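Read off the chains here:
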Amino acid sequence: MNFLSLVLVNLGRNKRRTILTLLSVTFALFLFCALGGVLDTLAESIKVGSETRLVTRNKISLVFPLPLAYRDRIAAVPGVKRVAVSNWFGGRDPSDPHNFYAQFGVDAANYMPAYASDVDIIEASAPQAEAPLPPDVDPKLAAFMEEQTACVVGETLFKRMKWHLGQTVKVDGTIYPGSWEFTIRAVYRAKNKAFGEENMLFHWKYLDQHGMGGRSMVGIYVLELSDPSRASDIAREVDAMFENSSAATRTETERAFQAGFVSMYGNVPFVLRVIGLAVVFAILLVAANTMAMAIRERTGEFGVLKTLGFTDGTIFRLVLTEAAVITLGGGALGALAAKLLIEGSHFNAMGFLPPMTVRWSTVGAGIAIAVLIGAVSGLIPAWQASRLRIVQALRPAE
Amino acid sequence: MAAIELRDVYKEYQRDSQRIPVLSGLTLSVAEGDYVALMGPSGSGKTTLLNLVGGIDQPSRGQVMVHGTDIAQLDGRALAQWRSRNIGFIFQLYNLIPVLNALQNVELPLLLHRMSGAERKKRAQTALELVGLSDRTGHFPRQLSGGQEQRVAIARALVSDPAVLLADEPTGDLDRKSAEEILQLLERLNREFKKTIVMVTHDPHAAERAHRTVQLDKGVLS
Chain A
1 MNFLSLVLVN LGRNKRRTIL TLLSVTFALF LFCALGGVLD TLAESIKVGS
51 ETRLVTRNKI SLVFPLPLAY RDRIAAVPGV KRVAVSNWFG GRDPSDPHNF
101 YAQFGVDAAN YMPAYASDVD IIEASAPQAE APLPPDVDPK LAAFMEEQTA
151 CVVGETLFKR MKWHLGQTVK VDGTIYPGSW EFTIRAVYRA KNKAFGEENM
201 LFHWKYLDQH GMGGRSMVGI YVLELSDPSR ASDIAREVDA MFENSSAATR
251 TETERAFQAG FVSMYGNVPF VLRVIGLAVV FAILLVAANT MAMAIRERTG
301 EFGVLKTLGF TDGTIFRLVL TEAAVITLGG GALGALAAKL LIEGSHFNAM
351 GFLPPMTVRW STVGAGIAIA VLIGAVSGLI PAWQASRLRI VQALRPAE
Chain B
1 MAAIELRDVY KEYQRDSQRI PVLSGLTLSV AEGDYVALMG PSGSGKTTLL
51 NLVGGIDQPS RGQVMVHGTD IAQLDGRALA QWRSRNIGFI FQLYNLIPVL
101 NALQNVELPL LLHRMSGAER KKRAQTALEL VGLSDRTGHF PRQLSGGQEQ
151 RVAIARALVS DPAVLLADEP TGDLDRKSAE EILQLLERLN REFKKTIVMV
201 THDPHAAERA HRTVQLDKGV LS
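Line by line, the protein sequences are chains A and B.
Each residue of the first sequence is one higher than the last, beginning at 1 in my numbering.
Each residue of the second sequence is one higher than the last, beginning at 1 in my numbering.
Simulated from the structure, these hints should not be mistaken for laboratory data.
Hints should not be assumed to be uniformly reliable.
As the list claims (entries may be wrong) - If you only want the chain A side, here are some residues facing chain B, beta carbon under 8 Å, derived:
(1) ASN2
(2) ARG13
(3) ALA288
(4) VAL304
(5) LEU308
(6) ASP312
(7) VAL391
As the structure is a computational prediction, the values presented were derived from the model and not from experiment.
For each residue, glycine too, the CB sits at the ideal point set by N, CA and C.
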């Protein structure tokens with residue numbers, strides 16, 4: 001027997017209480033890290049936005065489109081290498097309205113090359129005919145490029161929906177009403193995790209002809225730059241070009257654009273932090289109560305230990321270690337479970353978020369909080385036990 | 001040199017605004033290897049006297065010397081260390097740790113000594129052998145009879161090889177047969193191992209086994 005086995009034996013004297021306390025700390029820290037993971041994911045989602053790409057949108061609001069005619073004028077600005085179109089579709093799965101995934105109408109000839117460094121095409125249908133592809137487009141996308149109703153989907157979405165190449169997928173339009181059909185011609189894997197693998201990309205032209213009646217309006221323009229160091233000058237130039245037009249623009253780096261999305265969550269991150277801390281505080285009280293009960297029940301035993309020669313300091317360490325084993329054990333279990341389960345399952349809050357990330361810093365913060373819970377919950381009982389006077393401790397309970 | 005020497009010892013307890021005298025100018029000397037029975041009515045100060053000798057309580061006045069050490073001069077940490085090496089306690093209700101088996105209970109005081117786990121275990125086994133419980137090492141207190149529990153408690157008191165054993169009514173909770181076994185064991189520890197024993201008892205039969213009996217009444221020797 002040694003000091004640690006004495007600690008473990010003491011923890012085992014009321015197994016049910018110890019396990020329940022450990023599980024409550026595990027659950028609390030799991031929740032804390034999961035909520036922290038939401039914040040991590042939002043922070044990561046900003047990173048998808050490159051500092052070397054610009055996004056041009058309607059100055060009034062993202063919900064207002066821009067004319068397609070702007071594309072060529074933007075492309076003519078010095079330093080702009082490529083201009084791609086992207087349009088939020090906002091469709092729903094007709095078989096399950098709660099099954100959310102994002103769909104975008106894109107001009108693939110520009111959009112796919114612009115994001116070539118962020119995605120890999122891992123599966124694709126063979127093309128019907130040999131047709132020349134636009135420059136820089138991955139040859140694997142040949143079948144997708146030649147068919148107007150074709151789409152490319154993310155690997156996670158593809159697997160989750162148990163789709164197969166060549167399958168026709170139905171989507172109910174909300175912004176653009178009607179039942180839409182898309183044929184899966186390729187599957188991408190995100191090299192940049194924050195790009196997300198729960199997206200469907202289809203031809204903007206299909207959307208324009210069948211959803212907008214050929215009005216040729218687009219949601220946003222993505223500008224790939226040949227000279228990223230001129231990003232702010234280019235943004236100013238683009239916006240100046242359309243300043244007095246019917247649809248003035250706002251151009252910013254893609255990262256700033258994504259950050260704008262995150263800011264639309266408003267106080268949600270603050271609320272998540274408050275909930276996380278409230279849960280932790282509640283568990284702190286539970287752990288403190290458990291330790292206080294455990295120590296009170298053993299008052300006589302502490303008297304015996306002191307009689308045998310255990311110093312106040314040894315008793316203090318004994319009780320504090322017991323608290324630490326419960327909270328650190330439970331905390332580490334909860335924090336690591338959050339990291340492994342959430343990331344391992346590619347949880348995305350039903351498409352509300354990109355596949356969630358729980359940063360190691362969040363896991364570390366969770367474990368640090370567990371240590372803090374252990375210290376705070378064990379400190380007072382440990383101090384009380386260490387300060388017990390032997391004569392009083394050995395007195396039979398009245 | 002006396003093993004234990006109390007010189008003009010006073011002990012008072014404070015209850016609310018009232019001072020309750022327990023020991024009043026008590027002087028007592030116990031020679032090395034002596035076996036003393038402390039008798040007296042309830043509240044006469046027997047247990048308080050034992051606590052003072054064991055260093056688990058402090059006198060209000062006077063001097064308590066054990067093997068030449070004035071234990072009132074030791075601070076809390078030094079006193080705890082001194083206790084672990086010099087004093088073995090035996091309680092009326094055994095006070096074993098219920099979640100530890102007999103061997104672990106006996107090993108407990110040795111956690112405070114610098115020695116290997118194997119050495120600790122060996123010493124604890126020897127102590128249990130000495131009290132006749134070598135076949136009960138893995139038994140928990142709830143699996144032992146009262147007499148066996150008290151023998152485990154005696155092994156625990158012995159395992160650090162202290163020179164002084166302090167027993168507070170060691171047979172008070174036992175049937176006559178078990179009590180007799182415990183008294184024989186204490187006699188043997190005194191005779192063969194030269195342990196100085198101070199035993200508080202209400203039982204005249206137990207007191208007869210000691211070398212001498214000291215009567216306490218209202219905090220003074222009578």
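Comparing the hints with the structure gives:
Proximity of A/ASN2 to chain B holds as hinted, the smallest CB-CB distance being about 6 Å (cut-off 8 Å). The closest approach between the C-beta of A/ARG13 and any C-beta of chain B is roughly 4 Å, which is under the 8 Å cut-off, so the hint is satisfied. Interface hint status for A/ALA288: violated, as the beta-carbon distance to the closest one in chain B is roughly 22 Å, over 8 Å. A distance limit of 8 Å between C-beta atoms decides the matter here; for A/VAL304 the minimum to chain B is near 5 Å, and the interface restraint holds.
At its closest, the beta carbon of A/LEU308 sits 5 Å from a beta carbon of chain B; the interface hint therefore holds under the 8 Å criterion. For A/ASP312, the shortest C-beta to C-beta distance to chain B is roughly 6 Å, which falls under 8 Å, so the interface hint holds. With a least beta-carbon distance of about 5 Å to chain B, the hint placing A/VAL391 at the interface is held under the 8 Å criterion.
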